[in-house]
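Here are the chains, one letter per residue:
Number of protein chains: 4
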Amino acid sequence: MPGSSIGTLFRLTTFGESHGAAIGGIIDGFPSNFPVDLEAIQAELDRRRPGQSSVSSPRKESDQVRFLSGLYESKSTGAPIAFIIENTNQRSQDYDHLKSVFRPSHSDFSYQQKYGIRDHRGGGRSSARETACRVVAGAMAQQFLEAQGIQIRAFVDQVGPLKISRPQDLQKLDRKQIDAHPVRCPEPELAKKMEALILDLQQAGDSVGGSIFCRAEGVPAGLGEPVFDKLHAELARAMLSINATKGFELGSGFQAAQMTGSEHNDAFLEGGQTATNNSGGIQGGISNGMPIYFRVAFKPVATILREQQALNSELKAQQLKAEGRHDPCVVPRAVPIVEAMTAITLLDFYLMQRAYQ
Amino acid sequence: MPGSSIGTLFRLTTFGESHGAAIGGIIDGFPSNFPVDLEAIQAELDRRRPGQSSVSSPRKESDQVRFLSGLYESKSTGAPIAFIIENTNQRSQDYDHLKSVFRPSHSDFSYQQKYGIRDHRGGGRSSARETACRVVAGAMAQQFLEAQGIQIRAFVDQVGPLKISRPQDLQKLDRKQIDAHPVRCPEPELAKKMEALILDLQQAGDSVGGSIFCRAEGVPAGLGEPVFDKLHAELARAMLSINATKGFELGSGFQAAQMTGSEHNDAFLEGGQTATNNSGGIQGGISNGMPIYFRVAFKPVATILREQQALNSELKAQQLKAEGRHDPCVVPRAVPIVEAMTAITLLDFYLMQRAYQ
Amino acid sequence: MPGSSIGTLFRLTTFGESHGAAIGGIIDGFPSNFPVDLEAIQAELDRRRPGQSSVSSPRKESDQVRFLSGLYESKSTGAPIAFIIENTNQRSQDYDHLKSVFRPSHSDFSYQQKYGIRDHRGGGRSSARETACRVVAGAMAQQFLEAQGIQIRAFVDQVGPLKISRPQDLQKLDRKQIDAHPVRCPEPELAKKMEALILDLQQAGDSVGGSIFCRAEGVPAGLGEPVFDKLHAELARAMLSINATKGFELGSGFQAAQMTGSEHNDAFLEGGQTATNNSGGIQGGISNGMPIYFRVAFKPVATILREQQALNSELKAQQLKAEGRHDPCVVPRAVPIVEAMTAITLLDFYLMQRAYQ
Amino acid sequence: MPGSSIGTLFRLTTFGESHGAAIGGIIDGFPSNFPVDLEAIQAELDRRRPGQSSVSSPRKESDQVRFLSGLYESKSTGAPIAFIIENTNQRSQDYDHLKSVFRPSHSDFSYQQKYGIRDHRGGGRSSARETACRVVAGAMAQQFLEAQGIQIRAFVDQVGPLKISRPQDLQKLDRKQIDAHPVRCPEPELAKKMEALILDLQQAGDSVGGSIFCRAEGVPAGLGEPVFDKLHAELARAMLSINATKGFELGSGFQAAQMTGSEHNDAFLEGGQTATNNSGGIQGGISNGMPIYFRVAFKPVATILREQQALNSELKAQQLKAEGRHDPCVVPRAVPIVEAMTAITLLDFYLMQRAYQ
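Residue numbers (the working numbering), protein chains in the order written: chain V, 4 to 360; chain C, 4 to 360; chain B, 4 to 360; chain H, 4 to 360.
Treat the hints with care, since some could be wrong.
Because identical chains cannot be distinguished in the list, a pair is counted as satisfied if it fits within a single copy or across any two copies.
Restricting the straight-line Cα-Cα distance to at most 30 angstroms, the calculated cross-link-like pairs of lysine-lysine (DSBU-like) are [claimed, not checked]:
no., residue 1, residue 2
1, Lys179, Lys166
2, Lys63, Lys102
3, Lys195, Lys175
4, Lys175, Lys319
These aren't lab readings, by the way, just hints derived from the structure by calculation.
Generate coordinates for the entire structure from the input sequences, incorporating the hints supplied.
Have a look at this one:
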């Protein structure tokens with residue numbers, strides 16, 4: 004497990020650095036004979052693309068995905084599906100001043116300690132650019148899952164102190180509604196305030212954190228494998244493999260710590276549904292047929308346009324003021340990534356359950 | 004991945020139901036020629052054992068571990084280390100009334116949906132009794148890690164509304180101090196209040212949630228594998244594989260969502276340490292040499308001695324009032340489990356890093 | 004992959020040394036709700052047991068298997084199925100003289116080099132006693148496969164120079180016929196000669212090699228995963244994980260090297276069967292619906308009652324004459340092991356194919 | 004395990020069909036900070052390339068490999084190393100007549116049964132063209148292994164009835180000597196006869212099988228993981244994952260079946276080496292420090308220019324005479340593939356052993 008792969012039956016392996024020739028991946032285990040909508044995949048990539056709005060990095064990458072294998076007359080053949088996204092708008096010289104600098108709260112230092120060598124350009128392998136590959140695989144997984152009646156929707160429920168108090172109470176949302184505002188928060192008034200906050204902080208050379216809420220509906224009961232491969236454990240792993248994440252909570256989450264059993268328990272309704280859904284759709288690590296929902300916390304972007312204490316290669320202190328093109332807040336662009344990682348995880352368990360049933 | 008194994012190079016596979024003949028496991032990949040302290044392993048088991056204090060289930064299990072292989076003259080041979088813990092105090096008849104009942108917020112229903120069959124006695128495979136096996140493997144892993152200078156300490160930082168505000172600020176703690184009070188909260192006054200709250204709720208036939216804080220010190224920089232096997236992603240997975248968990252946060256965690264970059268970034272000190280540690284000791288999924296710390300949220304125990312809406316096997320509503328022996332709050336006994344899962348995860352990554360270095 | 008596990012969806016993990024407290028294993032991923040015939044499993048173990056006949060080691064092990072989990076009212080629950088076989092007839096003192104001796108063509112030396120420590124008693128972990136655990140898991144897998152119409156039969160086709168020339172031409176055989184003679188060769192006259200050869204060599208303090216032929220009928224087309232997890236590649240791996248094996252060949256095997264394409268190609272019959280079956284039932288790593296057959300070569304048992312050049316712990320030469328209880332030829336007892344490993348491999352691929360279909 | 008990956012710590016995942024846009028792969032887990040000789044990798048690819056000699060397919064593929072990631076200033080960074088080889092000389096129309104035909108002894112039928120869909124052009128995913136990707140990864144692995152003193156050399160030891168009787172007795176060979184003749188048999192007179200045989204059969208529209216001998220020298224004792232991941236079991240799996248293979252034998256191989264223990268045992272010499280090497284350098288699944296050697300059998304190429312009984316898509320009989328460009332014998336071009344798979348397997352175990360030591 005050198006780290007570039009996820010999944011057992013549905014498996015994604017990615018490659019590529021921010022400023023290399025290309026990024027891409029290999030999708031293995033996608034069910035055969037399924038008609039794949041390539042335009043819909045590109046549309047998902049466009050939702051993640053930098054430069055798409057007022058609140059995202061101005062780096063202009065067209066992020067055109069090209070498929071190299073595994074498809075024949077637009078259907079999956081069962082063979083691995085490889086794809087690449089060429090890097091076109093690299094400005095590696097922007098990073099020359101970082102060649103021998105470890106930036107605070109970046110992975111420069113930990114990578115150097117681990118590998119003894121580092122591709123410093125744009126964060127190299129640790130760049131969030133890698134997540135574009137996840138969106139490709141996730142979009143494909145979503146197409147298959149939707150054909151089975153499973154729908155995944157994520158949105159921004161918090162930027163800095165601005166938040167939706169109980170996002171789980173929002174009714175069914177469509178993507179159009181979520182994408183209507185560039186912040187991807189479905190409450191229009193709050194979205195405007197979030198955007199203003201982000202732009203104010205960007206103006207001040209600063210950045211801000213946030214969180215994303217995600218819900219999967221139509222997931223049949225029975226997905227997840229006890230005891231170590233519990234469904235929410237794997238969802239947590241998938242989410243916390245996304246850049247800049249700091250926390251994951253399922254259903255009632257950290258609120259559960261201050262509740263009593265009589266408040267928290269989800270009373271059954273006849274037929275198997277429950278009156279409340281504090282469990283978040285998973286009991287004992289296995290889906291119970293209710294909607295699955297969770298939240299993911301993201302830290303503020305580490306690159307800020309202010310003087311900070313960094314280190315040089317001799318580990319001596321050095322003042323640093325960042326340059327380059329950066330997002331002031333990652334959560335709007337992270338929405339399709341959260342959806343993608345959810346789909347990748349659910350499809351793996353879906354296939355697993357088919358094996359055992 | 005049918006779910007009963009965790010780890011790649013250091014791997015634990017467990018078996019056993021709450022009311023079967025025995026529980027146990029196989030530890031594979033433990034480094035050879037290491038002197039194993041078997042009494043220290045039993046001591047860790049005793050910390051998890053039911054019936055140990057005022058705030059734990061009165062089920063009396065001696066939880067004596069017996070090793071069957073992999074040790075020769077008290078040293079590890081490199082062969083798999085198998086162990087069993089016989090179940091001695093089963094009162095399966097306590098569960099007869101549950102044979103055809105699905106309890107709310109238990110895994111009865113989801114297991115039945117998944118497998119089409121269910122061992123209803125004491126929760127069967129989904130019982131937290133399984134975690135005793137994790138404690139055995141974790142205790143062994145901890146012995147090896149401590150010999151490399153790595154120390155893991157967990158404690159209760161929240162029970163219901165009672166909480167330590169910044170547990171990361173507590174100085175180095177020893178186990179004696181943590182175990183001094185049965186609640187395993189290192190702040191004596193707060194511990195007493197927590198105990199009172201738990202006992203009050205128990206008296207009222209109710210239960211309560213809580214959370215656990217864990218810190219690993221002495222972890223060298225370089226552990227963790229980008230991009231999917233990030234160290235905190237695997238820690239999250241390990242923690243959320245523990246029964247009753249609802250959330251995981253690393254370092255600043257969900258607080259990060261409301262912070263700005265200038266607040267959150269950890270400025271470097273000369274030599275590679277950082278002035279603050281919002282990152283929680285991990286950058287880009289790789290340890291950076293600072294202490295690793297995180298929190299895990301636990302829901303209130305689902306079994307409460309009150310009437311609740313359950314289902315019968317035809318999925319019709321049925322009123323249910325629990326019987327049997329149960330913990331009113333799981334976090335005190337979960338402390339050694341959190342430590343064990345941390346050790347299991349870190350040892351796997353420690354061996355991995357040795358392979359690549 | 005520390006080595007004690009095999010399989011992805013159907014997974015066996017084993018433990019135990021020849022002269023430890025017990026051997027055993029954990030079977031994970033066995034389909035739930037299947038009625039398991041425990042007596043039939045014990046019967047398979049009895050076929051592998053030492054002391055069963057004139058041509059096997061006189062070590063008397065009752066090899067009684069005891070199941071600890073995963074079964075409820077004789078049905079599989081989907082939970083891991085653990086089992087142990089206690090070691091009862093250990094005569095470890097027989098091995099005292101080997102404590103500091105590396106025997107020729109045993110794994111004493113390579114284990115010591117690998118682990119820096121060694122349990123010398125009876126070969127420790129490297130003892131073929133471990134294969135009893137495979138027979139347990141394999142017998143369970145066979146029960147499931149037989150319910151799907153898949154039948155696996157192995158027999159001895161060679162002992163020393165005595166061999167069946169084209170074992171693939173033998174018609175359907177039942178176990179009774181194969182087990183009628185202790186050598187487990189279905190041709191009675193040849194079996195008698197084999198027995199005589201084995202007993203002569205044993206008398207002379209020597210041992211002899213042999214080979215086993217195995218055929219699986221009723222395997223549906225489509226099992227196996229290209230390109231690295233080809234069905235015959237995994238069968239080869241499974242077979243060569245059995246002690247004392249030196250070679251594996253599928254279908255035409257090494258004969259294929261001297262054939263021409265026009266001789267070797269299997270012409271199709273209408274409907275999808277083939278006129279000949281040089282392919283051995285697998286094309287491109289995927290079963291084609293024809294019977295799968297292969298041969299496995301076993302070396303002569305390394306323990307012989309003659310003076311041989313061994314090494315002491317300082318790697319100086321030392322003459323050694325073996326004592327203890329040993330088989331003069333392993334193939335008769337290896338027949339159920341080959342069947343078990345075939346079943347374990349086929350069930351894993353069978354479940355895999357269910358996932359993708 | 005959908006099949007496109009091999010290895011645990013050093014892992015290769017490949018993609019691509021014979022007549023798709025490109026083939027390629029992702030190498031994950033290659034040690035960081037190692038200077039990679041890209042020209043030497045291309046040179047290995049050239050040894051496998053079609054159209055290189057009198058005895059190989061006239062398809063003209065330049066097989067230029069292009070690296071997309073994981074290298075920085077010609078050193079490995081620890082990030083995954085992706086590469087592609089564009090397909091340039093596709094003549095897919097050559098295969099139009101096969102769109103609805105299942106060829107005998109090809110994987111057309113088994114793939115169709117498995118996936119319900121098939122890319123018929125040039126064998127699609129089942130084409131041996133995929134092995135070019137293995138050569139790239141294997142060449143990289145070999146560079147690292149050679150820096151540790153491990154050398155791998157393979158050659159053709161049999162074509163049809165023409166064979167070297169004891170290839171293990173040949174002294175150290177260099178590649179130049181092996182490649183001196185296009186058949187890659189190091190005995191010049193025999194090589195000439197082999198070539199003549201191949202050309203005669205080709206002339207007659209037929210093909211012929213063969214076998215390859217491979218030896219790895221300098222492998223330290225201790226590689227391999229008991230009990231299921233024995234070194235020779237994994238070598239067998241790796242070899243039998245190569246197209247057209249039918250058998251694998253380690254050391255004495257199938258000869259062992261007819262030997263006695265006193266003939267077969269390898270007496271020790273002082274210091275740990277052995278007088279003979281029937282074991283083939285592996286005892287109990289673990290390398291013992293002696294040279295590792297094995298043989299791999301290949302069937303004759305299934306495509307022959309003669310009328311054969313094939314099937315149409317309704318599984319009715321249909322006469323077929325092949326067209327297209329094909330090798331009359333695969334073993335000369337398979338030599339670098341066998342070396343590559345050996346290197347891939349050994350590097351994985353080499354890293355594994357570093358983890359545990």
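Hints versus structure:
no.: 1; hint: Lys179 x Lys166; result: within (20 angstroms within a copy, 41 angstroms between copies)
no.: 2; hint: Lys63 x Lys102; result: within (23 angstroms within a copy, 43 angstroms between copies)
no.: 3; hint: Lys195 x Lys175; result: within (21 angstroms within a copy, 45 angstroms between copies)
no.: 4; hint: Lys175 x Lys319; result: between (53 angstroms within a copy, 28 angstroms between copies)
When each numbered hint is compared with the structure, no violation occurs for any of them.
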